[in-house]
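Throw the hints in and build the complete structure from the sequences for me.
Counting in the numbering used here, the sequence shown runs from 2 upward without gaps.
Treat the hints with caution; some may be incorrect.
Stated by the list, open to error - Computed Cβ-Cβ distance ranges for the label pairs, DEER-style:
1) I382 / P86: 38 to 46 Å
2) Q7 / P287: 52 to 60 Å
3) D59 / G248: 33 to 41 Å
4) D59 / R262: 46 to 54 Å
5) L3 / L348: 46 to 54 Å
6) E170 / G248: 27 to 35 Å
The set of hints was computed from the structure by calculation and includes no laboratory data.
Even glycine gets a Cβ: it sits at the ideal position worked out from N, Cα and C.
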Amino acid sequence: LLRREQSPENLRKLIREVKARTDKPVTYADVWEFWMKNRDLADEVDFVTVHILPYWEDEPVSIDDAMAHLRRIIDEVKAAFPNKPIMIGETGWPSEGRTRGPAVPSLVNQASFIRDFIPLARNLGVDYNLIEAFDQPWKRVQEGTVGGHWGLVDEYREQKFPLTGPVVEMPNWHWLAAGGILVAGLLMIAAGRRIPDHEIDEHLGREIAGWVSAVTAAQLAGATLLLSIDHLSLVNRGPVEWAIGIGLWLVSAVTAVVLARRWAGPAEARIQPAPVIEVLRALRRPLGIDWLGVGDDPRGLRLGLLKGLAAVAVAIAMIGLALDPRYRDFPIVTFLIPAIGWAVDALMPVAGRARTPRLRLKIEEALLALMIGGGALAVAIGEGPENGEAHLWVLIGLVFAAAVAVAPRRSQSDSV
2 LLRREQSPEN LRKLIREVKA RTDKPVTYAD VWEFWMKNRD LADEVDFVTV
52 HILPYWEDEP VSIDDAMAHL RRIIDEVKAA FPNKPIMIGE TGWPSEGRTR
102 GPAVPSLVNQ ASFIRDFIPL ARNLGVDYNL IEAFDQPWKR VQEGTVGGHW
152 GLVDEYREQK FPLTGPVVEM PNWHWLAAGG ILVAGLLMIA AGRRIPDHEI
202 DEHLGREIAG WVSAVTAAQL AGATLLLSID HLSLVNRGPV EWAIGIGLWL
252 VSAVTAVVLA RRWAGPAEAR IQPAPVIEVL RALRRPLGID WLGVGDDPRG
302 LRLGLLKGLA AVAVAIAMIG LALDPRYRDF PIVTFLIPAI GWAVDALMPV
352 AGRARTPRLR LKIEEALLAL MIGGGALAVA IGEGPENGEA HLWVLIGLVF
402 AAAVAVAPRR SQSDSV
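Here is the structure:
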């Protein structure tokens, strides 16, 4: 009934046909709302089986309210079918995936749900089936990341959490932290940052402040890149998605290195990233461009290409989440470095230009900014006020839209 594959009349015939061929109890399982809409079907079954999934409700339920929601639904179903045994056919909570309203998939939330539900079901006197025994990666094709992470046991047949005792959301957090520190160090080396000489008094405070800022930014970037790798293993479902995911990870990694080196140098050495239209023209004749050259033109094209790739990818992701969001993840860690990096870069002084930002007049940048910013507003409206993950994604989109639309003011001496 939920998938509109059968009418109530056809379903009634099927139930009768099955009952005529067996002496075993016969039931029909569906989402609880559809049982409430088709109560007369109860006359055909031996017991009523309802699915109650707080995460997938039309109005998603938070983990804090999940048990109260389950109790209320069971009470309603019992009242609607007083002469029939009630069984919960599906209930559970996902450990990974996108947030829906206040419903946040996580390992800790999944453990909390299972631990709280078992005694609740015992008190309510209902049989139940937990969804599900094992994580099923194949379901990600149909339902996105969240579809493959409902199991009590993961795809490698390892128990995901105990039924008692502490649960850690990221059991491998220490490896991620160590990896983040290592990547941060590599970024510092790539940026050419040196520890300030304590014997030099002039500008020492500024040097130390800049060095501390660089270390902090490098640490955050390193952690983000490591989290992005973990994210890739969760969301990618085939060779094409893996290729795209790795490509976007490389864009983030290269952006971190390029911007670190760019900010470490003097303002007069920085040039403006080439506009999208110039990058597109250059890509039409790639063999005629010295992409690896050290002059202003190839440097500007490289910067423009790097920024443009990220902007186009963000625009595509944002439009997808605005138009068809149900099974799509929020790619926050994928675009965090490009969004923040290019936004900060737009506010920094550039050779031949003043510090004051202005709106670009290039039509390509304006369209990209409109797509990203407009999509972000659509996502904010569609996801509602309770989805914190969506709010962060919207913020990233708006920041990136501003980074695309805003550029330092052009001076008379500028020749780009």
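Subject >> Range hint 46 to 54 Å (beta carbons of D59 and R262) holds or violated >> reply: holds (50 Å)
Original post:
Do I382 and P86 keep their Cβ atoms within the hinted range of 38 to 46 Å?
Top reply: holds (43 Å)
Original post:
D59 and G248, beta-carbon distance inside 33 to 41 Å?
Top reply: holds (36 Å)
Subject >> Whether the CB-CB distance between L3 and L348 falls inside 46 to 54 Å >> reply: The hinted range 46 to 54 Å holds for L3 and L348, with Cβ atoms some 51 Å apart.
**OP:** Take a look at whether the Cβ-Cβ distance between E170 and G248 falls inside 27 to 35 Å.
**Re:** Between E170 and G248, where Cβ atoms are some 28 Å apart, the hint holds.
Original post:
Would you say the C-beta atoms of Q7 and P287 sit inside 52 to 60 Å of each other?
Top reply: Taking Cβ atoms as reference, Q7 and P287 lie about 56 Å apart, which means the hint holds.
The structure meets every hint from the earlier list without exception.
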